[in-house]
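**Student:** In case you want the letters, here they are:
There are 2 protein chains.
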Amino acid sequence: MDTWMRFMSNDGGIVFGRVEGGYLHEYESLEQPVPTGAVLSTRALTPLAPCAPGKVIALWNNFHALAAKLDKPVPTHPLFLLKPAASVIGAGEPIRRPLSYAGKIAYEGELGIVIGRRCRDASVEEAADAIFGYTLVNDVTAADLLNENPHFPQWCRAKGFDTFCCIGPAIVSGFAWQQAHLVTKLDDVERQNYPLADMVFSPAQQVSLISQDLTLEPGDVIACGTSVGVGSIKDGATVSITIDGIGTLSNTLSAAHAEPVAPVPPGVAAGVV
Amino acid sequence: MDTWMRFMSNDGGIVFGRVEGGYLHEYESLEQPVPTGAVLSTRALTPLAPCAPGKVIALWNNFHALAAKLDKPVPTHPLFLLKPAASVIGAGEPIRRPLSYAGKIAYEGELGIVIGRRCRDASVEEAADAIFGYTLVNDVTAADLLNENPHFPQWCRAKGFDTFCCIGPAIVSGFAWQQAHLVTKLDDVERQNYPLADMVFSPAQQVSLISQDLTLEPGDVIACGTSVGVGSIKDGATVSITIDGIGTLSNTLSAAHAEPVAPVPPGVAAGVV
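These protein sequence lines are chains U and B, in that order.
Quick note: the first sequence, position 183, residue 183 per full-length UniProt numbering, numbers continuous.
Quick note: the second sequence, position 68, residue 68 per full-length UniProt numbering, numbers continuous.
Treat the hints as calculated values from the structure; they're not laboratory data.
One or more hints might be untrue.
Note that the list lumps identical chains together, so a pair holds whenever it fits in one copy or between two copies.
Each computed SDA-like pair below joins lysine to any residue, with the alpha-carbon atoms no more than 20 Å apart [unchecked claim]:
| no. | residue 1 | residue 2 |
| --- | --- | --- |
| 1 | K72 | P153 |
| 2 | K69 | F152 |
| 3 | K104 | G236 |
| 4 | K69 | S232 |
| 5 | K69 | N149 |
| 6 | K234 | P195 |
| 7 | K69 | H151 |
| 8 | K72 | L146 |
| 9 | K72 | N147 |
| 10 | K104 | H77 |
| 11 | K69 | A176 |
| 12 | K72 | Q178 |
| 13 | K69 | P150 |
| 14 | K104 | Q212 |
| 15 | K185 | M1 |
| 16 | K69 | V34 |
| 17 | K234 | M8 |
| 18 | K69 | V183 |
| 19 | K234 | R43 |
| 20 | K69 | T238 |
| 21 | K185 | T163 |
Please work from the sequences and hints to get the whole structure.
**Tutor:** Now the structure itself:
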């Protein structure tokens with residue numbers, strides 16, 4: 001098992017690499033995991049989400065316990081929606097309540113699969129090889145919007161707000177998810193504690209089946225769906241999601257306030273030319 | 001009105017600019033529309049989709065005529081799903097039937113809004129200023145998948161396959177959409193002919209309201225929804241969408257065949273580091 005993180009350095013540059021004993025051993029990138037030779041103390045660095053996905057694929061109804069509670073049959077193909085890149089934040093960053101929404105905001109603690117290489121129409125074996133590692137996801141939802149319109153469930157809108165996809169704190173490669181439990185605490189009170197082995201589609205099955213629908217790119221994240229214990233977050237409350245071996249992802253919901261629109265940093269916007 | 005296109009040059013580079021009389025007047029980019037001084041004959045260039053959106057936001061039920069036909073009330077907020085970047089192709093490129101899907105594939109001719117500057121919580125006036133121009137979109141759908149699972153409508157999956165978002169041939173800035181009609185032909189037979197003035201939410205209203213949900217980036221595209229006349233495409237058939245003043249977007253549906261997975265070209269994958 002190796003632990004991978006992404007940081008902003010003091011000069012505003014972004015560095016990625018393997019973390020061990022308080023030091024970052026820098027690598028070229030997630031898709032080209034070649035050491036650069038640089039070693040940096042992580043104390044001088046600001047942690048970011050461990051990858052910058054072009055898209056996040058979020059599964060619905062992928063745990064037997066939740067399907068039973070909702071009284072829904074388990075699906076025969078992964079059921080998913082897309083969360084946009086701008087919804088991603090890292091550990092410790094605030095979840096921002098939208099200015100336009102005063103309703104219920106829900107947490108969902110989930111295992112995240114981080115894609116390491118481009119894959120399309122992948123077999124389960126090829127899919128397993130395309131997984132770079134695993135992380136934690138809080139799949140935040142503006143719950144009152146989901147069924148606000150009775151004719152069109154608004155999955156992408158309710159789950160697509162800026163800051164509504166917390167990812168981190170690290171990616172762990174070679175992680176044995178089969179034995180792990182995911183624990184979600186809301187202000188230190190345990191709300192979710194479920195075994196990942198209860199998944200309907202395993203990570204490799206998810207990657208294989210979803211790659212038949214759309215091409216997965218390095219850095220893309222699949223949020224594997226949640227299980228029982230989902231609930232709402234009050235403004236100011238902190239959600240902490242833990243899987244032993246990966247770490248803890250903590251984010252606090254901040255009340256609505258106008259956010260200045262930053263100019264587009266170079267290289268962040270879609271490459272138009 | 002100016003007409004903007006994006007091309008691949010013989011050396012594999014990508015150029016963007018204003019097209020006039022068979023020549024491309026190159027500009028830095030869509031978000032920085034500054035002329036480079038270069039002028040190139042378009043005959044030596046291969047057309048691409050006119051922008052490379054990080055995300056495509058596709059509206060449902062945004063025309064009064066279609067709402068009446070479906071017997072649905074018009075919505076009070078844009079209803080949308082997300083189509084991923086990898087679904088985008090340009091004019092003339094083939095729509096590929098997925099290997100895993102033998103069912104009905106539908107065309108939807110739509111006006112596309114191309115975002116010119118980052119916007120969040122924009123007023124209608126700010127939103128109007130953030131629109132770079134207008135293009136054409138064929139919002140292709142694997143129609144049998146939409147309601148395959150009775151518990152979860154699969155909008156993102158059905159509309160998110162690679163090549164299922166045709167965009168082009170050009171972006172026209174300063175275009176007066178209010179007077180325009182959109183015409184869709186299937187193998188030269190007219191199937192859609194509807195006035196854009198029948199939209200529920202105007203382009204500026206769409207950009208304003210959607211910017212309250214998620215940050216829009218330069219190059220992002222909003223597909224404004226379709227109206228009556230949607231139908232299915234047989235393998236080998238060609239869909240041509242025309243708005244006078246913008247041009248014609250033609251794409252042919254090719255039968256399913258295995259597509260080699262290209263290595264990730266530099267700069268195309270999500271920037272992980």
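**Student:** Now look at each hint and say whether the structure bears it out.
**Tutor:** Hints and how they fare:
| no. | hint | verdict |
| --- | --- | --- |
| 1 | K72 / P153 | both (17 Å within a copy, 14 Å between copies) |
| 2 | K69 / F152 | between (23 Å within a copy, 16 Å between copies) |
| 3 | K104 / G236 | within (13 Å within a copy, 48 Å between copies) |
| 4 | K69 / S232 | within (18 Å within a copy, 38 Å between copies) |
| 5 | K69 / N149 | between (24 Å within a copy, 18 Å between copies) |
| 6 | K234 / P195 | neither (26 Å within a copy, 46 Å between copies) |
| 7 | K69 / H151 | between (24 Å within a copy, 14 Å between copies) |
| 8 | K72 / L146 | both (18 Å within a copy, 18 Å between copies) |
| 9 | K72 / N147 | both (17 Å within a copy, 15 Å between copies) |
| 10 | K104 / H77 | between (29 Å within a copy, 18 Å between copies) |
| 11 | K69 / A176 | neither (27 Å within a copy, 52 Å between copies) |
| 12 | K72 / Q178 | neither (24 Å within a copy, 46 Å between copies) |
| 13 | K69 / P150 | between (23 Å within a copy, 17 Å between copies) |
| 14 | K104 / Q212 | between (35 Å within a copy, 17 Å between copies) |
| 15 | K185 / M1 | neither (25 Å within a copy, 56 Å between copies) |
| 16 | K69 / V34 | neither (45 Å within a copy, 57 Å between copies) |
| 17 | K234 / M8 | neither (30 Å within a copy, 50 Å between copies) |
| 18 | K69 / V183 | within (18 Å within a copy, 48 Å between copies) |
| 19 | K234 / R43 | neither (31 Å within a copy, 59 Å between copies) |
| 20 | K69 / T238 | neither (26 Å within a copy, 47 Å between copies) |
| 21 | K185 / T163 | within (19 Å within a copy, 41 Å between copies) |
Checked against the numbered hints given earlier, this structure breaks hints 6, 11, 12, 15, 16, 17, 19, 20; the rest are met.
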